[in-house]
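Q: Note that the sequence shown covers residues 1 to 475 in the UniProt record's numbering.
Treat the hints with caution; some may be incorrect.
[Claimed, not checked] With beta-carbon atoms standing in for the labels, derived distance ranges:
| hint | residue 1 | residue 2 | range |
| --- | --- | --- | --- |
| 1 | V391 | D125 | 13 to 21 Å |
| 2 | Q76 | K312 | 42 to 50 Å |
| 3 | L250 | F123 | 30 to 38 Å |
| 4 | N393 | E20 | 37 to 45 Å |
[What the hints assert, rightly or not] The calculated BS3-like cross-link candidates involving lysine-lysine, where the alpha carbons are at most 30 Å apart (straight line), are:
| hint | residue 1 | residue 2 |
| --- | --- | --- |
| 5 | K332 | K287 |
| 6 | K312 | K45 |
| 7 | K152 | K312 |
No lab work stands behind these hints, which were simulated from the structure alone.
As the structure is a prediction and not an experimental result, all values here were calculated from the model.
Where a beta carbon is used, it is the ideal one built from N, C-alpha and C, also for glycine.
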Amino acid sequence: MAYRIVVDQSTTNTKAILFEIEGNGRQVNRVDRVDIPHKQIYPKKGFVEHNPKEIIENTIKVIDAVIDNNKLKYSQIKSISITNQRETILVWDKITGKTYGNAMVWKCNRGIEICEKLIENGFEDLIRNKTGLKIDPYFSASKLAHFFKNNKICELEKKNLAIGTMDSWLIWNLSEEGNFYTEESNACRTLLFDIRNKRWDEELCKIFDVPINALPKVVDSNTDFGAYKGIKISSVLADSQSALLGNKCLEEGQIKATLGTGSSMLLNFGNKICKNERIVTTIAWNKNGKTTYALEGIIKSYGDILNWGKNKLNLFSSYDEASKLALEDNNKTDVIFVPAIQGLSAPFWKPKAKGAFLNMSITSTKKDLIKAMFDSLAFQTRAVIDLYAEVLNKEIEEIFLDGGSTKNPFFMQLLADVTQKKLFVMDIEEASALGTLVIMDGMENYTPKVKKEYIPTKSYERQYTKWKEIIKKIF
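Start from the sequences and build out the full structure, keeping to the hints where you can.
A: Printed below as a string of structure tokens:
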């Protein structure tokens, strides 16, 4: 029996999860979890930030608390693993630890004008061929370009500059050695990393005006990242890719969807890179020097849609109430919702798109609006799955799911009906945390258990086709 801790640093909070490992990695038991939320900072319209000092303080607090709460000694913890929100990036001084402003969050749109100019100037093919990604403010590089354009840093300061995604910030602060590392699943989300040659790319750094020497060393996902209070930091993975591994999607063609604040649908693509411009190729992980790639459909606003409906539109007071209202009146509505409250991502990629309720009449009620919001999430998920089937040239039969939305049985059944796929929800909620455990040597025997299976019971083909036609007409 061995105790291991996973730090899950997400968009809204930081968690330390204590796991007990038994039977050569065959059985993983969650013992305890400590969470601390952090502030969401909105300095301007479209800007989203986090305070990196608050996050590292919370990280240390949750690690120490989960050990203390269970009356364990630090020497009893075999390892710490890290999984983290992706694309969120910050700049700091690696000598003093001084941060230059806040961390710029993945959903921050400050780089949108920079992206538009690059697209106008014909950089799309070059950047996609090197990174596998779209030119989009979702990814880190345009945020950095905006930062350096608006912040003058003197030459002396530039010598000590550190630029890193959230994993690098955590490793640098937690490791006794002060290691300035990242790994491939995080590096590949910046638009600065060549996913074929697996290195920071000088041409990309010049395009975005980012000093390449300030970027961290890229290592394997399951390497030695240093130690925190004597506990070895053994593995690091970006949260969505980690969830792919946590759901044990090890075979080419297997899909998992993380349904959280946003949604990331990842398909294990083996050792290949896809050239379809409607979807992105990303690095899933690098284990012992071997890289696995994945296709990804990104939906920027997923749970955020319902949060918006609850907190801004006051359509419902709880998510249970929303589900009950959506189930009334035979579970149907003619109202259509365009889920573009932060632009429209995969597979449409319209960052300037705006959300809208359409096809309303004098008889429309808030029940219709709520149902239309749920429908739109399922429809956009279906659109990505259809694109996957097109790329693979074969039908997809099943999807593995994790994230907060999996707790809603109504929405899970709706998603099964809309996609016409079998859906599997695993028995341990923290799939991202599991993934960064599973990538370690010695954990190959672990197999997650299915908590709930959903199968299609009816068809939404007519409604989905109508929604898709309207999206195409608008954009």
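Q: All hints are to be evaluated individually against the structure, with a verdict given for each.
A: Here is what the structure says about each hint:
1. V391 and D125 have their C-beta atoms about 18 Å apart, which keeps the hinted 13 to 21 Å range intact.
2. For the pair Q76 and K312, the supplied restraint of 42 to 50 Å holds, since their beta-carbon distance comes to about 46 Å.
3. Hint check: L250 to F123, Cβ distance near 35 Å, so the stated range 30 to 38 Å holds.
4. Judged by the Cβ atoms, the range 37 to 45 Å given for N393 and E20 holds: they are separated by roughly 43 Å.
5. Of the supplied pair hints, the one linking K332 and K287 is violated, its CA atoms being roughly 47 Å apart against a limit of 30 Å.
6. Taking the CA atoms of K312 and K45, the gap is near 15 Å; set against the 30 Å cutoff, the hint holds.
7. Distance restraint check for K152 and K312: the Cα-Cα separation of roughly 37 Å exceeds the 30 Å cut-off, and the hinted pair is therefore not satisfied.
In terms of the numbered hints stated before, the structure departs from hints 5 and 7, listed from lowest to highest.
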